[in-house]
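Residue numbers (the working numbering), protein chains in the order written: chain A, 1 to 114; chain B, 1001 to 1116.
Hint data in this document are derived by calculation from the structure and do not stem from the laboratory.
Treat the hints with care, as some may be off.
[Said to hold, decoys possible] Keeping only pairs whose Cα atoms sit at most 25 Å apart, straight-line, the calculated DSS-like set for lysine-lysine is: (1) A/LYS17 - B/LYS1049; (2) B/LYS1022 - A/LYS44; (3) B/LYS1058 - B/LYS1077; (4) B/LYS1049 - B/LYS1069; (5) B/LYS1022 - B/LYS1058; (6) B/LYS1022 - B/LYS1049; (7) B/LYS1069 - A/LYS38; (8) B/LYS1077 - B/LYS1049; (9) A/LYS44 - A/LYS17.
[As the list claims (entries may be wrong)] Computed, partial: chain A to chain B, Cβ under 8 Å: (10) GLN36; (11) SER39; (12) GLN41; (13) PRO43; (14) LEU45; (15) TYR49; (16) GLY84; (17) ALA87; (18) LEU90; (19) GLY97; (20) GLN98; (21) PHE99; (22) ASP101; (23) TYR104; (24) PRO107; (25) ARG110.
Beta carbons: idealized from backbone N, C-alpha and C, even for Gly.
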Amino acid sequence: DAMVIQNPRYQVTQFGKPVTLSCSQTLNHNVMYWYQQKSSQAPKLLFHYYDKDFNNEADTPDNFQSRRPNTSFCFLDIRSPGLGDAAMYLCATSLSGQFTDTQYFGPGTRLTVL
Amino acid sequence: AQSVAQPEDQVNVAEGNPLTVKCTYSVSGNPYLFWYVQYPNRGLQFLLKYITGDNLVKGSYGFEAEFNKSQTSFHLKKPSALVSDSALYFCAVRDVLSGGSYIPTFGRGTSLIVHP
Chain A
1 DAMVIQNPRY
11 QVTQFGKPVT
21 LSCSQTLNHN
31 VMYWYQQKSS
41 QAPKLLFHYY
51 DKDFNNEADT
61 PDNFQSRRPN
71 TSFCFLDIRS
81 PGLGDAAMYL
91 CATSLSGQFT
101 DTQYFGPGTR
111 LTVL
Chain B
1001 AQSVAQPEDQ
1011 VNVAEGNPLT
1021 VKCTYSVSGN
1031 PYLFWYVQYP
1041 NRGLQFLLKY
1051 ITGDNLVKGS
1061 YGFEAEFNKS
1071 QTSFHLKKPS
1081 ALVSDSALYF
1091 CAVRDVLSGG
1101 SYIPTFGRGT
1111 SLIVHP
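Here chain B stands alone, though its shape is the one from the complex:
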């Protein structure tokens, strides 16, 4: 079984400050992890994914995420937030288990608000 948790409904950060959006996961096998961003009245846009290899993954718009197997986490980070980063962020996981499904499980989303 696979599940993902985004413990914060909302994250507030001042423009120029670093931001972190948290994601933890639970899988039976090995995880493939994804981050998507959704702007108002738009579909989800892919930011980055972890498949294997380097634990630090770099993605679009200056975002990066760190895979931490011992803490079962995949937090999204950006060194300097922009007001335009304000959006809804979704973490998703696939459990790479023999006989498992390729359908991802999404977290409930975290609203990021960047204040000028």
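The following block holds chain A by itself, in its conformation from the complex:
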């Protein structure tokens, strides 16, 4: 089945130690998104790619970076994780930039910062 895959599902890191979360998709969608979700709150968009074009949300900290080397893969890099960065990180895709598009979410990576 076509899907959005996130690895790892659970990640533990130390304060200040860089960490990379990965997302892959077999849907061949053009748009990929990274969301941060804390404590059953609404997902908060960090950034998204429309194909190779990177779009950063204005309030996303510089500590968060992303790479999309090809259509299928997208990475979230947290350069120096703080305790406040502990959260569920969700990757999502959509076919294109159409308003009717459905977003398809991966299972998420739960990040713990010690």
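Dock chain B against the given chain A, drawing on the hints supplied.
Then chain B, alone, in the frame of chain A:
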């Protein structure tokens, strides 16, 4: 500008009873509306969406939602709740406005608890 409100943090219902999870929206143009469900430690799963046409939209797992333009609402409903429906539900909106963004705005979520 687009926004969505889910006025209830939690909804409790007995198994077998009908359930409603409320969502109201605010847009400048026309709304495209979505419902997603999230089970513990999982990503969001798409349930249904309203784009145009029939105001009553049917989706996955027996859920449906009614678009009401005059009340700017898109409430999620199910005739008979199951314990397995217990989860977090998110409403989302896109404002179909010329020059607008395709990025949706999510509500804060409503926790549905279905009691046996």
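Each hint, compared with the structure:
With a C-alpha separation of about 41 Å, the suggested pair A/LYS17 and B/LYS1049 falls outside the 25 Å cut-off, and the hint is violated. With a C-alpha separation of about 21 Å, the suggested pair B/LYS1022 and A/LYS44 falls inside the 25 Å cut-off, and the hint holds. Restraint check for B/LYS1058 and B/LYS1077: satisfied, since their Cα atoms lie roughly 10 Å apart, inside the 25 Å limit. Straight-line distance between C-alpha atoms of B/LYS1049 and B/LYS1069 comes to about 15 Å, which keeps the hinted pair within the 25 Å bound.
Restraint check: the Cα-Cα separation between B/LYS1022 and B/LYS1058 comes to about 16 Å, which is no more than 25 Å; the hinted pair holds. Our distance criterion of 25 Å between C-alpha atoms is met by B/LYS1022 and B/LYS1049, whose separation comes to about 15 Å. Under the criterion of a C-alpha separation no larger than 25 Å, the hint pairing B/LYS1069 with A/LYS38 is inconsistent with the structure, at around 32 Å. Our distance criterion of 25 Å between C-alpha atoms is met by B/LYS1077 and B/LYS1049, whose separation comes to about 13 Å.
Annotation: proposed proximity of A/LYS44 to A/LYS17 holds, straight-line Cα distance about 23 Å (limit 25 Å). Because the smallest distance between the Cβ of A/GLN36 and any Cβ of chain B comes to about 12 Å, over 8 Å, the interface hint for this residue is violated. The closest approach between the C-beta of A/SER39 and any C-beta of chain B is roughly 10 Å, which is over the 8 Å cut-off, so the hint fails. For A/GLN41, the suggested interface contact is upheld, since its CB lies about 6 Å from the closest CB of chain B, less than 8 Å.
For the restraint placing A/PRO43 at the interface with chain B, the shortest Cβ-Cβ distance is roughly 6 Å, inside the 8 Å limit, so the hint holds. For A/LEU45, the suggested interface contact is upheld, since its CB lies about 6 Å from the closest CB of chain B, less than 8 Å. Below 8 Å, beta-carbon pairs count as interface contacts, and A/TYR49 has none with chain B, the closest being about 12 Å; its hint is therefore violated. The closest approach between the C-beta of A/GLY84 and any C-beta of chain B is roughly 19 Å, which is over the 8 Å cut-off, so the hint fails.
With its C-beta approaching chain B no nearer than about 13 Å, A/ALA87 sits outside the 8 Å limit, and its interface hint is violated. Restraint check, A/LEU90 versus chain B: the minimum CB separation of about 5 Å is within 8 Å; hint holds. The beta carbon of A/GLY97 is positioned within 8 Å of a beta carbon in chain B (closest approach about 5 Å), and the interface hint is therefore held. Of the supplied interface hints, the one on A/GLN98 holds, with its beta-carbon coming within about 7 Å of a beta-carbon of chain B, less than 8 Å.
Given hint, A/PHE99 at the interface with chain B, holds; its Cβ is 5 Å from that chain's nearest Cβ, closer than 8 Å. The interface hint given for A/ASP101 holds, since its Cβ lies 7 Å from the closest Cβ of chain B, which is under the 8 Å cut-off. With a cut of 8 Å, the hint placing A/TYR104 at the interface with chain B holds, because the nearest CB-to-CB distance is about 7 Å. With 8 Å as the threshold, the beta carbon of A/PRO107 comes within range of chain B, its nearest partner Cβ sitting at about 5 Å, so the hint holds.
Annotation: interface hint on A/ARG110 holds; nearest CB of chain B at approximately 7 Å, less than 8 Å.
Of the numbered hints given earlier, the model fails hints 1, 7, 10, 11, 15, 16, 17; all others are met.
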